[in-house]
Amino acid sequence: ETGVTQTPRHLVMGMTNKKSLKCEQHLGHNAMYWYKQSAKKPLELMFVYSLEERVENNSVPSRFSPECPNSSHLFLHLHTLQPEDSALYLCASSPGTSGNSYNEQFFGPGTRLTVL
Amino acid sequence: KQEVTQIPAALSVPEGENLVLNCSFTDSAIYNLQWFRQDPGKGLTSLLLIQSSQREQTSGRLNASLDKSSGRSTLYIAASQPGDSATYLCAVNTGFQKLVFGTGTRLLVSP
Numbered sequence: 225e226t227g228v229t230q231t232p233r234h235l236v237m238g239m240t241n242k243k244s245l246k247c248e249q250h251l252g253h254n255a256m257y258w259y260k261q262s263a264k265k266p267l268e269l270m271f272v273y274s275l276e277e278r279v280e281n282n283s284v285p286s287r288f289s290p291e292c293p294n295s296s297h298l299f300l301h302l303h304t305l306q307p308e309d310s311a312l313y314l315c316a317s318s319p320g321t322s323g324n325s326y327n328e329q330f331f332g333p334g335t336r337l338t339v340l
Numbered sequence: 116k117q118e119v120t121q122i123p124a125a126l127s128v129p130e131g132e133n134l135v136l137n138c139s140f141t142d143s144a145i146y147n148l149q150w151f152r153q154d155p156g157k158g159l160t161s162l163l164l165i166q167s168s169q170r171e172q173t174s175g176r177l178n179a180s181l182d183k184s185s186g187r188s189t190l191y192i193a194a195s196q197p198g199d200s201a202t203y204l205c206a207v208n209t210g211f212q213k214l215v216f217g218t219g220t221r222l223l224v225s226p
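Taken in sequence, the protein lines are chains A and B. Each residue of the first sequence is one higher than the one before, counting from 225 in the numbering used here. Each residue of the second sequence is one higher than the one before, counting from 116 in the numbering used here.
Take these hints with a grain of salt, some might be off.
Counterexamples of contact, computed for chain B against chain A with all Cβ distances above 12 Å [to be verified]: (1) Q121; (2) P123; (3) S127; (4) V128; (5) G131; (6) G158; (7) L177; (8) D182; (9) A193; (10) A194; (11) D199; (12) K213; (13) P226.
Okay, derived cross-link-like pairs now, PhoX-like style, lysine-lysine, Cα gap no bigger than 25 Å in a straight line [said to hold, decoys possible]: (14) A:K265 / B:K213; (15) B:K116 / A:K243; (16) A:K260 / B:K213; (17) A:K265 / B:K157; (18) A:K264 / B:K116; (19) A:K264 / B:K157; (20) B:K116 / A:K246; (21) B:K116 / A:K242.
In short, the hints are calculated from the structure, not lab data. All values derive from a computational prediction rather than experimental measurement. Each residue gets a CB set at the ideal place from its N, CA and C atoms; glycine is no exception.
Please build the complete structure, drawing on both the sequences and the hints.
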């Protein structure tokens, strides 16, 4: 596997279910991100992890719970979601978090989530 | 609050045309600007990254310019091909790799 991978690619869940999204990066990067892409809205940054420490939580509801056990893996735990949480969830990684050209973000293919 | 706008929202051109996609942002205090391509139902592919101190970047048929003081960037695609059909997104880095995205321009290049 190369680049950034995400599993599952598609997920359908009920509002009372608990599920997890997984992201893995094979690039040796130190920073990982979760984004949400809803229809007709810009991509929204949800969480940023740098060296396994959360450095950004963009006012995301507590029903979304991120976990970064090491610099290669990032999870998004989901529980009691709402239908409006249906979206494409994208994971990204970058070498670090400073604003220079070496910290370009690389994205995974996303998980298409549908909440019934 | 930083806001990013992309015009036009959709664009349809015949193969071979040169075209320009526009991106504007409200706060000029950015670290860099990145252009991405997104195919339907897929993730994002980075095309070009321009540092705030740079004026332009080129990669093959793509050229991106940045005018930070006026809050504008353009993506120029030369000799468009059907394979260029996708949604193009621009994003500005406001610090600590926090990217603020526009809503994108959906491009269709017909043979």
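Notebook entry, point to check: Which earlier hints turn out false for this structure, listed by number in ascending order?
Noted result: 1, 6, 12, 15, 20, 21
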